[in-house]
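The residues making up each chain are set out below.
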Amino acid sequence: MSKPVEEIRIGVYVCHCGTNIAGMVDVKNVADFASRLPGVTVSREYKYMCSDPGQELIRQDIKEHRLNRIVVASCSPLLHEETFRAATAKGGLNPFFFHLVNIREHDSWVHENRQDATAKANALVHAAVERVRSHKALTKKQVPVNPAVLVVGGGIAGIHAALTLANAGKKVYLVEREPTIGGHMAKFDKTFPTLDCAACILTPKMSSVKSHKNITLWSYSEVSRIEGYVGNFEVTVRRQPRYVREDLCVGCMECIDACVFKEAKFPNEFDEGLGKRKPIYVPFPQATPKVAVIDPDRCLNVKTGKCKKSCVASCDRGAIDFTQKPEDRQIKVGAVVVATGFKAFDAKRSPQYGYGVYPNVYTSLEVERLVNASGPTSGEVVLRDGRHPKTVGIIHCVGSREEHTNRWCSRVCCMYSLKLAHLVKEHSGAEVFNFYIDMRTPGKSFEEFYQKLLKEGVHFVRGKVAEVNDWVLDPSEQGKLVIRVEDTLLGTVRRIPVDMVVLGVGLEPHADAQEVRRLFNISCGTEGFFLERHPKLAPVNTFTDGIFLAGCCQGPKDIPDTVAQAGAAAAEALALIDSGHVELEPNTAYIVEEECSGCKSCVPLCPYKAISYVEDKKKAVINEALCKGCGTCVGACPSSSIKQNLFEDEQVFSEIRGVLADV
Amino acid sequence: MSEKPKVGFYWCASCGGCEESVVDLAEGILDVVKAVDIVFWPVAMDFKRKDVEAMPDGAILATLLNGAVRSGEQEEMVRLLRRKSKLLIAYGSCAHTGGIPGLANQFSREEILKFVYQESPSTANEKNTRPQTRFAEEGRETHLPELHQVVRSLDQVVEVDYYLPGCPPTPNLLKNALGVLLSGKLPPKGAVLAPETALCNECPRKDSKPQDVAFKEFKRPHLARIETDKCILAQGFMCMGPATRAGCGAQCVQGNMPCTGCFGATSRVRDQGAKMLSSVCSNIDPKEEPEIDKVLEGIPDPVGTFYRYGLARSLLRRKVSTV
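These protein sequence lines are chains B and L, in that order.
Using the numbering used here, the letters of the first sequence correspond one by one to residues 1 to 663.
Using the numbering used here, the letters of the second sequence correspond one by one to residues 664 to 986.
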C-alpha cells in the first residue's frame, strides 16, 4: 500500500439542479459542511453544475487552487459522470480523480424532510471526500473491434439485419436453426394491412442473402458457444448434418422423387403438419438454401442402415453423403445481432377451445398455410374432413391477455385475425365471425383496414369466447362446432355454430429462450422475451455490450416494426464496428499474480466468463476486456488477491468511515 | 555482561503450545542460545518480574510474546515488556489475532463466569464462590488479576512490531524469524513473518481442486471419511486454506485434516472469517433460499468455523450484550 506523497487538495461542488436538489436539500449547508472537512480546499454550490459555466468552474479551480481531487454532488452517475470526468480532464487532472455523489435520485427526490435530506447529503459528501483521497489515476483501455458480425436467426429480422450490414460492406455470418431461412414470414400468404404477398416481398431478400458476397449463410446450424467480449467474440457454430452436401446440391429434387418412400407421408413442419413430405425433402419451393435435407428420424438408412439408398443413385452430382457428422465452425466477430424470433402459443394450453380435440379447430398459422397459394391445398380452404366451411369463427387473444397463460398482448393477433377473416372469406365465401376482447389497431393504416373489414360484412362479436364444443342443443348446431361467448355489446350469452374455428394464437418466447439467454449472456424480462438495455433509449442494445436484439425475440411485433428494429440493430452494430475500437471502463478487477494462491474460488463465479485458471502458473487470471466490474470475484476472493479499480478495499472502507463519521 | 542480543519469551492467555513450539526447535535451540541471551522465559527458566523491571528500557532486543490479553496482570506484563523491548513480536494466533480465547468474545464476562463457576455440568460449587480481585484473611491480603470484559489481541493493547502466525507457529517459521531479527535486515514494521499467499499455494492437493466446487453439502471431519488424495474443501469439508496465510506447509492437510485457519488471513484481508464466508457462499450450488439454507446447515457453528482464531481482531470483534 503506497501512501500518496502529494498533499490532497479536494474541490467539492454541490449542484442545485434548479430546484430538483435545492428544493429539498440545503445546498449551502452542504457546501459549508464540506469546506470544513480535512483536505477540502474549495467547496462551492452552483445552480447547474452540468452547464458549461458549471464545468468551467471545475476546470478553473483545478488550475487556480491546484486541486487534485474533485467531488461533485449532483445527480446519478448514469447521467453526468462522463460530463464531470471530462471537465476534470480539461483541468489537466486524470478524470478518475473525480467522484460523483448522487444527492438527487438517492436523496432529494426520495425524502420529504429537508433537515434529514441535508444531513444525508452531508454524510454522502463526507464519504466521497474520504474515498476520493485514495483514488488513483486510471486510463481507459482501447480494444480493436473485429469488423465481422454474427446474425443469429434467419427470419425477416435476421435477414434484414444481415443484408443491411452486408450492403455496408461488412462480413456477416447468418446462422439459422432450421434447414431454410425465412422464418414465420415465409409461411404467410398475405401481410396486413396492405395485403401484399409475403413471399413476393420476402423471397427476393432470401435469395439476396444466399448470393451476397459478404454473407456466409449457415442453415441447419446453431451457435453452441460464445466467448470473448464486445468487439472480439469467438463463436462456435454447430452445423448439423443434413446428409446432403450444400456445395454439390442444386435443388433439382430428383432425390426426393427417387426416395424409397413412394408417398410423402410425414407431416411437413413448414406446412404446420397440414402437408406431407418424405424423409428427404426441401421444406418449400423457395427454401434458401435450396438444398435437400434428410430427416434423421424418418430416413430408413440413417435409422436402420437398411435401405437401398435410391436417393444416392439418383443424384448425378453425388451430393448425398450419409457420412456427414455434426461439424463445429469457429468464427470471430465484433458484434452479434440476436434475432431468434418467437414461438406461437401452443393452443392446447387453452383446452376450452378444443384444439387437438376437434379436427376443425385450427391455429392461425395453420390457416396461413391453408390460404396460401403454395400451401398444401394450394390456397383452397378445405377442412380436415374434406368439407368446405360455410361459417368460420376466428377467436382473438388465445394465449394472450390471460391470467392462466400469457398476460401480455401479442400485438399482431387482432390484425392478422382481420387479415385471415378477409382471406378466408375471399377464398371460401364463408360467413366469418371475429370474436375479440378489444380491437387493437394502432398501426399505420390498421384502423382503415378494420373499417374495410366491417364493410366487407365480416361479423364482429365483442367478448371473450368461453368455450368451443360440439354439443348439440338445437338442430341448427348439428355437425357444427359451437362457440359459446358472452356478447358484451348485446349483453347476452350467445351460441354460434360454425364449421371451422381459427384460434388467434399469441406470440411467446421460444422454449429454449433461457438457454439462448445464458449462451449470449443477456437478460430476459419477466415474460421471457430478451430484455433491451433501455425500453426507450436503448431498445436494441442488451446489457452485454456488442450484443443487439432484433425482432420478436425482444417482444411481439409486426413485420414493419421487426424490419425497423433489425435496421436499428444493424446500425448499432455498424456504429460499433466503424468506430474501430471499444473503450473499456477501467473499473475492472485484476488479480495480483504473486498473491493469488490458485484456489479457484473465483473461476466459476464470473457472470462474464472473464476469469480463467492458467494451469502452468496455477493461478487465476482475469481478462480485463471481458470484466464488467461487477465485483463478484473481488468479494469472493478469500485471500483478497483480486482488486478492483475504483473499488479497492481502502476506497470502500474510507467511504464507509466517511458516511458514518457524523452519526 | 554478555555482548549477545537479549531475547525474552512470555505467555499470556494461551494454551502453552506456543512455548512448546520453541522447544520443538529441538537441538536447534542450541544455535539460538549460541546467538542470543535468553533473559526472560518464565515457562523454562527462573526469572521474576522484578528482574525485568530492573532492566533499562529497550534492553531486550526482541520479546516473543504469545497469548491474548484478557486480564489485568497480562496487560501489565505486556506493557512492561513493550517498554523493555526494542521489538515486540506477537507470537502465535492468540497474540496475533486473539486465537481460541478470542471466541470468548461471543459471551459477556458475566455469562462466562456464571457458566464456569456455577453452571457447567462438572462444577461443584455449593457456595457459588467466584474469584475476587482482593481477599483478606487473618490480616493478610491477596490479590488476583481481574478478568477483562473482552479478549484482545496483542496489538489491540500495545504496539506490535512483527507477527509470527500459527497455532502454534511452526519451528521453521521461528527459525527464519530469528534469522531475520539477528541479521539486522528488518522487514517493514507490522509485517507478518510468513508468506503473503493463501495456503492453497503450497497445498499438496491443490491440483485436485476442481474449477467449480459448487458446494452441495458440508460435512464435518468427525462424521465422514476424508479421502486422502482430493482437495478437502471440494469434498465438502470446511477447509479454511483459501482464506488462510501459507507458511505451515499445509501440515493439517498432510495429516488429512482440513485447515482451520490458524495462520490468519493474508495482510490484504481485513476480516478472515467474512472473506471465507463470502467465498464459500458465492460457491454454493443451489440458487434458491430453502436449498441454500439446507447446505448451510452443514456449518452449525459459523463463528467457531470462520473466526476460530480471529474473532478478537475481526470486524465483528465481540458480541454486544443486549441484556
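Any given hint could turn out to be false.
Listed below are several chain L residues computed to face chain B (Cβ distance under 8 Å; list not exhaustive) [unchecked claim]:
(1) 861
(2) 928
(3) 932
(4) 933
Because the hints were derived from the structure by calculation, they are not lab data.
Note that the coordinates shown come from a computational prediction; the quantities given were computed from them, not determined experimentally.
We put the beta carbon where it would ideally sit given N, CA and C, even for glycine.
Inset, instruction - Please write out, lowest number first, the hints stated earlier that are contradicted by the structure. - result: The structure breaks none of the hints.
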